[in-house]
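Chemist: Based on the provided sequences and hints, a complete structural model is requested.
Residue numbers (my numbering), protein chains in the order written: chain F, 1 to 518; chain W, 1 to 290; chain S, 1 to 320.
Keep in mind that the hints were calculated from the coordinates and are not lab data. The reader is advised that the hints may include incorrect statements.
[Stated by the list, open to error] One-sided and incomplete, this derived list gives chain W residues near chain F with beta-carbon spacing under 10 Å: (1) PRO50; (2) ASP52; (3) GLY54.
The C-beta atom is built at its ideal place from N, Cα and C for all residues, glycine as well.
Below are the chains, spelled out letter by letter.
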Amino acid sequence: MIGGVPSVSRRDVVRLLAAGGVATVLPGALAGCGVSDPRPPVKGGRLRVATNNSSTADTLDPAKQAVATDYCRCHMFYNGLTSLDEHSRAQLALAESIESRDATVWTVKLRRDVRFHDGKKLTADDVVYSLRRHADPAVGSKARVFASQFAEIRAMAPDEVRITLIAPNADLPVILGINNFQIIRDGTTDFTTANGTGPFRCKEYTPGVRSVSVRNEDYWRRPPHLGEVELFAIADENARVNALLSGDVDLINAINPRITKQLRRAGLEIFESKSGGFTDLVIRLDQAPGHNPDFVLGMKYLLDRATMRNAIFRDYAMLANDHPIPPTNPYFNPDLPQRPYDLDRARFHFRRAGLLGATVPIVTAPPAEKSDDIAVLMQASARKAGLNLDIRRVPADGYWANHWMKVPVGFGNVNARPTADIIFTQFFKSDAPWNESGWKNERFDRLLLEARADRDEGRRRAIYQEMQRMIHAQSGVGIPLFISTLDAHSPRLKGMRPMPQGGLMGGAFAEHVWLEDA
Amino acid sequence: MTDAQSIAPAEAPAAKRQRRPRRINLSGAIGLVTVSFWLVVAAIGPALAPHDVGAVVDLDVFSPASAAFPLGTDYLGRDILSRMLTAARYTVFIALVATLLAASVGVLFGLAAATVGGWIDMLLVRLFDTLIAIPSLMFSLVVIASLGSSIPVLIGTIALIYTPGAFRIARALALNVAAMDFVQVARTRGEGIGYIVRCEILPNVIGPLLADFGLRFVFVVLLLSGLSFLGLGVQPPYADLGSLVRENIAGLGYGAPAVLFPAIAIATLTIGVNLVIDNLPGGRPGAGRR
Amino acid sequence: MMLNLQIARMIAVRVASALATMLLVSIVVFAANFLMGGDVAEAILGQSATPEAVAGLRRAMNLDQPAYQRYLSWLFGLLAGDPGNSLINNMPVLDLIGPRLSNSLLLAGLTALVSVPVALVLGIAAATWRGSAFDRTISLVSIGIVSVPEFLVATLAVLVFAVMLHWLPALSSTRDIDSLSALLRVFAMPVLSLSCVIIAQMIRMTRAAVVDALASSYVETARLKGAGPVRIVLRHALPNAIGPIASAVALSLSVLMGGVIVVEIIFNYPGVAKLMVDAVATRDMPLVQTVAMIFCSSYLVLVTTADIIAILANPRLRHR
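Modeler: Have a look at this one:
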């Protein structure tokens, strides 16, 4: 179940983690990841990185991190108990072992050779503090949904923590690998600088301006190759690309698929991370016109996935089938026919819904990546199918609070999640906080719990495939494509490896990359 | 520096009347032709568009000019010519109305404030200063949150953003004139405020005011794309000319016509308007006379 | 002596009324915070803003206090010299503003230093030789320049001077400045882009005001007395045109604080414009209020200075 590896039973996975050992394999594996480049990593050098998003809301508080810039910084300064690998499986990090007999009561043994940047030894109290604080509303944690599963977190010994869940969940090691659960020192409330156990120390940090990190020579794993990392944001897409082209920076994220040609021509490298993230069409089923299933189906037939992939994403995307499980996931349902782009069927459903010739508003905004462009293509298709889509572009400002999941027809944006269970639980269960379309299905909820408790891999796959079919057929969410994340870097930067968690190696690049000419 | 004024005799505004017949000059003609061209495009352009303004018609993006797409294609593979023909209508229409609105309201209050003086002047100055001091981002967000997005709201917002500037300039110009002897004479004659503003002050400040109007028109054309970007503006698939430049800016590295032609369109439109203004009677004083 | 007293009184009245304006602006901006909808708790939680999480965070941040109380505590704090802490990252507002304000003032100052003299000289020259080819060229070019969108000018400049020619850095970091040539390299493109935006207005208004003044009867008198064209412009027309020119310059320069967001973003130059955008996006009330006060006061300083210059230049205005 962890990371969806079908060949290993749940019991085995728990024991595998308990065996430890793997922890030393991961950094080694990533360190030697010059698959295409046999030359050994070079030590030292200063890397300048420009990300796409930075403001006074930048944070060094792991609980609050929300954008790529935060992920990169927190990965430099902190570690989690586990980390997620290239298959979204949990690997041990600060934990030496994690084990449980019933998937409810978990025992976490900590490494004893870990020190914070201020010299203090890592103890169970730090872990208890770091995990407990997510329940406090004043912290404003982004992982509160996950933390609500923790019934009790107790220090049993200086190097041992016991986590009791409110219900069995064998995915706990994966959950603990989510960025927000990174470990900070007991009692930390001031995040104007970072005191973690991570591969870099914080030398300078101004929110909305920049950060400078230096190598942590006392790192508990092999210290990173880079000597220093300067990280700042250039929000303007073209300015970011130009800074890379001119050599002012060596690595940028979130590049537009349209400029890959220009970058390649200039001798720069494009770095694609295929992830399960997507921008989805959201039709509220509890409001007009979405309460009519024919309207919802008709809208799904309007999604011209091939043209979207070509025109908007220049083929840096995978076709999706109106459910959130990408083809790269072992639980993907290959027997579910791909929903075609079919104007006749769309027209048929609109007629049945009595909406032929009607005008329906559709809300787009910049935070729902490329929703403008997707809506424009849908609008052209809709006109041919006898429906007028009236695009209402709204400000990025306050989009999630004011428009998302509130307007009858709009768009959302979902980052890749490490397991099928997590994405179903967060986005499709009847009482999920982000049940975008307001889809309620008792059977779906039952299946979700069944799968969580089932130890038979074959049966669980069958359940997950059935759940994909249900979402595909009934939910008010249309998922046209899984979008790749694109970064670009100068050829002197080596060691980048795609991770399913997102661009810039899920934010963890700094520990693993090096500069060839440092 | 005061001697110049002390020797100025009390004189009616007739002093500023033209002394020689205007000659029709080349720049005025060019301006007139350009502006007429854009007015015609705004009027009938959308009907001439060879392609649907929102339809993806090219498999590639940022294509160069070709027979099928005379001005190339945009960032999604849409026909730029068709998009520009519709964009011109929005830009010309909205910018003209909004600028006229901002200029007339601002000038009216500016001239009145300078002529009346006293606490009314003070009050108006404070009011417009407050308006200008509200960050326009905040102002736009408040407008969107409370009034939603539509073309009339867009025009009103732009007009409000540029009214205080027009007010400031008009008042500064009028203050100088209002202190002149002939205005004092008119006052002692017992003329009303309306008469003084209309007949004594306005004719003497119309030149700089028109110059200011021309510039304000340029700023409004450019502001349109900024507001569209925020969500207060022309809604997709339509766009104004500035938004066409903005959404295709990634094509700059390819030298794509998709970014160049809309920019050229804005330049010709705004230069044309200013050339016409410069050659209006009373506009750009001194251009063709003396 | 009497004159000085009169001027002092006039300045005092204007300063007092400027302060009144600032108070009014602070109230309006505070109200706008609410009219925009949303609050800082929702901004912090973003996509994870479930109703109970928002409610909990609001309580923890004392956002459930009545609005007027929050306004008054900010106002009294500001008067005492401490506008409080940012709600979003808990840092003192003054610490956040300090370095960015000096960045913004530096950029604005350099831009003014370059553009104002150029604009005045070109504007006066165009007025002196009005109707000539020189005059027409200046007029055409200045309108042409201002009609190109700012982001296009800046992006194009970077593409040419940083990416293709490698003469200048694509990003403007004040940390890299250790010599005059470094200063020029860092500020060349931002100052150029900003000057393109503001210079046309100053040129045109200067020209228009001078030409207008040239048409007045007293200049006619001077002309009849046989004064040369340059002398007429500088000695007789210019003094009477100073008021409107000062107003136009003040209005143009007032854009240089809050209106330079495009340049700050493209050149990654941390100034107060981006700070304001951040603060508005996160509904960080104390920060929004304080930065708004900075914008407002810089605007008022400029226009009040212009007013006073106009009055000093034209003695008839002193009695109003």
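Chemist: Look at each hint and say if it fits the structure.
Modeler: Going through the hints against the structure:
1. PRO50: violated, 15 Å
2. ASP52: holds, 7 Å
3. GLY54: holds, 5 Å
In terms of the numbered hints stated before, the structure departs from hint 1 and from no other.
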